[in-house]
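Undergrad: Each chain, written out:
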Amino acid sequence: MSEYLKAERAQEWREALRKSIKNKDRIAIARVKMPEVDPALRSRTYDEVNLGLTSKLAVQESHRCLDCVDPTCITGCPVEINIPKFIKNIERGEFLEAAKTLKETSALPAVCGRVCPQERQCESRCFYTLKLKKEPVAIGHLERFAADYERMSGNISVPETAPANGIRIAVVGSGPAGLAFAGDMVKLGYDVTVFEALHELGGVLRYGIPEFRLPNEIVDVEIDGLKKMGVKFETNCIVGKTISQEDLKAEGFKGIFVGSGAGLPNFMNIPGENLIGIMSCNEYLTRVNLMQAADPESDTPVYKGKKVAVVGGGNTAMDAVRTARRLGAERAMIIYRRSEEEMPARVEEIKHAKEEGIEFHTLHNPLRYEGDEQGHVQRMLLQRMELGAPDPSGRRRPVAIEGETTWLEVDEVIVSVGVSPNPLIPQSFDGMEVTSWGTIVVNSDTMQTADEMIFAGGDIVRGGATVILAMGDGRKAAKAMDRYLADMMI
Amino acid sequence: MNKIVSKEYLSDRVVKFEVEAPLISKSRKAGHFVIVRVGKKGERVPYTIADADVKKGTITLVIQKVGKSSQKVCELKVGDYITDMVGPLGKATHVENFGTVVCAGGGVGIAPMLPIMRAMKEAGNRVISVLAARTKGFIILEEQVREHSDEVIIMTDDGSYGNKGLITAGVEKVIQREKVDLCVTIGPAIMMKFVSELTKKHDVPTVASLNTIMVDGTGMCGACRVTVGGQTRFVCVDGPEFDAHQVDFNEMLMRLKAYDR
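Top line first, the protein sequences correspond to chains Y and R. Using the numbering used here, the first residue of the first sequence is number 1, and each one after it goes up by one. Using the numbering used here, the first residue of the second sequence is number 491, and each one after it goes up by one.
Treat the hints with care, since some could be wrong.
What the hints assert, rightly or not - Derived DSBU-like pairs: lysine-lysine, alpha-carbon spacing no greater than 35 Å straight-line:
no. : chain 1 : residue 1 : chain 2 : residue 2
1   : Y       : Lys232    : R       : Lys567
2   : Y       : Lys227    : R       : Lys516
3   : R       : Lys626    : Y       : Lys307
4   : R       : Lys581    : R       : Lys530
5   : Y       : Lys254    : R       : Lys567
6   : Y       : Lys306    : R       : Lys530
7   : R       : Lys546    : R       : Lys669
8   : Y       : Lys6      : Y       : Lys131
9   : R       : Lys531    : Y       : Lys306
10  : R       : Lys626    : Y       : Lys254
11  : Y       : Lys227    : R       : Lys747
12  : R       : Lys546    : Y       : Lys304
What the hints contain is simulated information worked out from the structure, not anything from laboratory work.
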């Protein structure tokens with residue numbers, strides 16, 4: 001454990017708290033349940049499903065944390081939040097201090113508390129999970145509580161920044177990777193400008209994840225925080241198109257971080273896929289989330305199918321199918337070629353989807369689509385699958401069961417079978433090394449690319465991954481770019 | 491940015507705007523387009539860049555009122571701002587000295603054809619422009635077209651100006667008369683389809699600039715997808731220009747009606 005964490009843990013108030021309740025009593029407390037809106041009600045509105053913990057529930061949950069000598073939970077967090085410290089601050093009632101602790105390492109705590117797959121990250125490394133075989137401390141719920149408490153208090157702290165060093169840094173893309181990077185660099189005193197291609201900021205937080213999981217207001221507040229710290233934002237600016245790599249250099253930018261994401265939707269390239277009513281999850285979610293197509297005053301239209309099939313089993317598929325339900329689908333269906341066990345979506349999202357009446361057609365894979373004379377999709381042919389031997393990723397491979405096909409009536413299909421890296425930067429920048437998958441090659445310790453002044457992180461390096469991994473990359477790149485620039489100055 | 495510095499009616503329904511956009515003006519090439527959004531509830535709509543003045547830092551857009559969003563843009567006055575404008579998008583036109591190039595532009599498609607015409611001319615091509623419209627009042631930018639063409643043929647459906655007949659008649663006349671090395675066509679999808687069928691018959695290589703439904707215009711959604719040579723392509727990043735003889739125009743025409751009610 002680092003000296004810093006050790007010293008923090010040794011503070012008097014932490015020691016006093018540890019002694020105030022016996023560990024035996026702490027582990028006897030049951031994990032808190034997140035209050036949520038009733039499924040029948042929420043499947044008709046866009047309001048957030050999870051309501052967040054009350055102060056009382058948060059404090060109760062914080063008692064469970066044992067403030068371990070070796071806080072393994074931190075190693076499960078890609079941005080290494082000092083988890084015991086913020087939880088212990090909640091335990092002693094210092095909620096604003098807890099929020100401050102989050103911001104030491106995370107640019108978007110209110111976002112991460114909502115969308116991180118904690119069950120695979122911090123909470124999977126909790127002492128309760130590892131040693132006690134009990135439900136882990138609800139770290140995600142507590143993170144969300146602290147961030148929301150601060151926002152609602154109207155008393156939002158702006159993290160301290162080092163004196164301005166006048167060095168200009170450009171960030172390509174305002175998604176989680178770019179925002180995390182920008183936050184860290186501005187703290188170090190750099191003059192940071194974030195360039196965003198769309199008309200609004202946040203990347204997937206804005207156009208992808210729906211309001212019922214991540215309200216736009218939350219994204220706004222977190223981005224406002226970065227603005228207050230001095231980060232500048234330019235929307236409607238595509239690096240590589242509107243301005244070039246050379247323009248950035250000519251304008252005196254000394255470092256560039258590429259966080260342009262994996263925004264290119266994959267299609268299955270099966271017959272009939274271009275029929276009307278079949279679209280990528282990106283198109284569907286962009287229309288609804290970014291363009292607010294569900295709002296009757298919005299100029300952007302969107303399909304409101306009655307029998308909607310979403311092909312895929314990831315978080316995006318869950319977001320799309322639950323959105324379809326809210327737009328009035330009588331049957332909103334997930335079509336997934338493996339079984340539920342292999343679904344990459346978060347357990348919580350699958351549970352929420354089921355509660356909202358989403359049908360799960362697992363072990364089915366679309367073969368082709370047919371439409372009416374006007375070209376509107378009418379039905380899809382599904383192949384029944386079974387699970388074979390594990391593939392290199394360790395998941396059991398889906399295999400077609402010969403001759404077992406079935407037609408499913410649909411009037412809208414959303415294809416959510418993954419995304420590929422956005423080719424714009426690799427195509428328009430010189431000196432980038434790119435894999436056959438289209439991802440940018442970086443040194444995994446520093447996130448530095450083949451061009452020394454350019455660093456990259458998030459989905460453009462990983463392919464489609466998670467918000468928090470993108471943020472972790474952003475942090476790592478910031479640390480490394482700072483070192484690189486310091487060496488250059490000597 | 492995005493301030494409207496001039497506005498001119500080219501016909502009852504077609505408006506020409508000059509918009510402040512120094513960065514786009516500097517980096518755009520013939521064939522590029524922008525995405526425009528008007529108002530906080532506005533949708534994102536693609537428009538081809540018809541011209542640019544790097545010194546003034548402006549680009550020119552020629553917009554036909556066809557629906558709610560184009561109506562909204564056309565209502566803007568000099569001094570107003572376009573809420574959001576992003577570009578230049580798409581791939582630039584492939585320009586080289588082909589020999590003789592026929593530029594077949596229909597209706598408002600004449601405007602995005604202008605920069606291509608100019609670039610083709612500058613590259614040393616003999617440029618023959620065939621302009622077509624329903625009736626005389628819809629032939630736009632004739633003067634500028636003449637400036638960059640060696641010959642101009644005008645076709646109107648009703649014969650009120652130039653020759654009576656469809657654009658294909660004008661194009662066919664040229665093909666039968668002399669060797670055409672390339673045909674570029676921009677206009678309504680149905681027009682491009684017929685031009686393409688004609689030139690295919692005569693083995694004249696043809697490029698069409700496709701105008702599909704778009705949302706982001708940067709390749710992240712696939713709303714604009716078309717089938718070209720049997721493969722799905724995105725018009726916003728792989729195009730907007732494609733080998734017309736490879737384009738599935740019937741599918742494209744069908745998809746254009748996706749949101750018709």
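Undergrad: Hint by hint, where does the structure go against what was stated? Just the numbers, ascending.
TA: 3, 5, 7, 10, 11, 12
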